[in-house]
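Same order as they appear, the protein sequences are chains A and B. Mind the numbering: the first sequence is residues 1 to 306 in this note's numbering, read in order. Mind the numbering: the second sequence is residues 1 to 308 in this note's numbering, read in order.
Rather than coming from a laboratory, the hints here were simulated on the basis of the structure. Using N, Cα and C, we set each Cβ at its ideal position, and we do this for glycine too. There may be inaccurate statements among the hints.
[To be verified] Capping the alpha-carbon separation at 25 Å, the derived lysine-lysine pairs in DSS-like fashion look like this: (1) Lys157(A) <-> Lys71(B); (2) Lys71(B) <-> Lys61(B); (3) Lys3(A) <-> Lys71(B); (4) Lys157(A) <-> Lys170(A); (5) Lys83(A) <-> Lys70(A); (6) Lys122(A) <-> Lys210(A); (7) Lys8(A) <-> Lys61(B).
[As the list claims (entries may be wrong)] Facing chain B, a subset of chain A residues (Cβ under 8 Å, in silico): (8) Phe24; (9) Met26; (10) Thr30; (11) Ser140; (12) Pro142; (13) Gly239; (14) Ile246; (15) Ile282; (16) Thr286.
Chain residues, written in single-letter form:
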Amino acid sequence: MLKYILSKVFQSLLLAFGVLVLAFLMVRMTGDPTSLMVSRNATAEERAAFREAMGFNRPVLVQFVDWIRKSLSGDFGNSLHFKEPALDLVLQRLPATLILALTGLGMAILIGIPLGFLSGLKAGGIIDAVGRLIALMGQSIPNFWLGLILILIFAQKLGWFPVFGFDEPKAVVLPGFVLSLPVMGELLRLTRSAVLETRSEDFVRTAYSKGLRRRTIYIDHILLNVLIPLVSVIGVEFGYMLGGSIYIETVFSWPGMGQLVGQALGWRDYPLVQAIVVFTSIVVLTLNLVTDILYAILDPRIRHAR
Amino acid sequence: MQDKLITSKADTLLEVQYTWWDKMSRLGRLLWRDRIAIVGILIFLSVVVAAVFAPILTPYKPLEQNLYASKLPPAWVAGGMWEHPFGTDNLGRDMFTRIVYGARVSLGVSFFGALIAAFIGVLLGSIAAYAGGKLDEVIMAPINLVLSLPYLLFVVFIASVLGRSLINVILIFGVTNAPIFARVTRGEVLRIRQSPYVESAICAGAGWARILIIHILPNLVGPLVTLMSFQISAMIFYEAGLGFIGLSVPPTVPSWGNMLAEGRRYLTSYPWLTTFPGLAIMYTSLGMNLLGDWIRDVSDPRIRRARR
């Protein structure tokens, strides 16, 4: 068990290093990071000064070692737009994104899993049809467009929710729902097929023949066995929500990291973009690691291995 | 020698059993059993037709402006006219024409993106599976890295560094989607190589090339085509999303994402500028998903049998 956890931690550290390498390479994909970051009508002197100030005139290897060393201590340089440390700006935006992602995840779990469970128990019924529709919609509706349409209907026409921003608690409902829909569909589909599979297992038949009550079988034998594999899916989906809310935050003017990415790209503020991308990736990697460990603890087959 | 004879005999028997017509009629029967798959195929074909025959199907040019007929609502709304069924945008460009032309960008980007991704991914994945050991690790390490990262953030980052052009968008999707093809291919190749029928083929003296061509490649087609249809659907989303935040094809190109980005500014006053491009994306993606579901079911003999 300990060996398993240690090897997972080591793998995650390697992946985190890979993230730093990627972020370093990406601003250098077109060759010169200076022309990427300064405004298009900057003079040659301004470019030279910028290159000097950012250290882009040094050998690439020196820049690379410097980037790794600084980023390990949490220094991603200053944002070009705000002239403040990039990581601080990212951390300021973290709570809003967390609230949005947690709301979305909560909605997806609270609606997706029970619906999927009921769909699996009564495959072909009305609930199953509703579930399929939700899953199909989650797969097929582009979320930024859904956001616009919901704003148009529920915020502009009906006035139930604020059009944008973050001031009232109920403002989180629309963006949270839009973010949750694809995940809801995914959880629903997975729960449904897991229930269908578990329902025909031998131990469930044994439980029936022992004369156990239907409710006990549904909850103790089927639901608990279905939930364990879902833990890993939920972890991955939470990571997706943290890194995938760019469009939704832009549409709803939600002051989180996703909105900041959009703005930073517009300002050509690549140090800030790098900081967001690295930070979010590390959070996602950590989340995956925690999920893996949690899964190992929950699943007796892994827990008792060796 | 004896073994070779037996294998080739078995092959001829198989060929006699399934003629081309048999296969097609079986496909037809499978299709008829899943009416919903027919919907998917019809949707898909209609989008392909729109993309290919866009100039014939539309009365206007996608960039043709008519300021005397700007901001017209859809024809069935008061003030609309049937010359412009989906209305016109703020520059008086015909929405229907632009939607039809938008299919070219969406399908083009996602199709070629998926083709490039499949090509790179299958190549890397099968090399990794066949080589094993160190080479396997070297190939799979960056692939696992990319697969564990927040995809959207990286795509947005790369797209903004490289700049807006059709070729860039196709290349970005091709390269960033290759890892998932590599992982699926590697897994499938490993699985098939360990299967009893490949073991018996090896025992019967089949060389690696024969195993690759007769046993492994045909079995890869099903999972890969399924994956492709889902990836195409996902890329249609991502392309539109990039266009929406101004990072896809240049703004003059009529793509659904670009239209959404422009229409968004007039969300409350001229909502049809936002509604129709979104519906077009939804329609296409729905078709691809239905098609993908169906391909997955019919290409996997285990599921196919269960559905009979």
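task = Mind listing which of the numbered hints don't hold for this structure, in increasing order?
result = Violated hints: 3, 7, 8, 15 and 16; rest satisfied.
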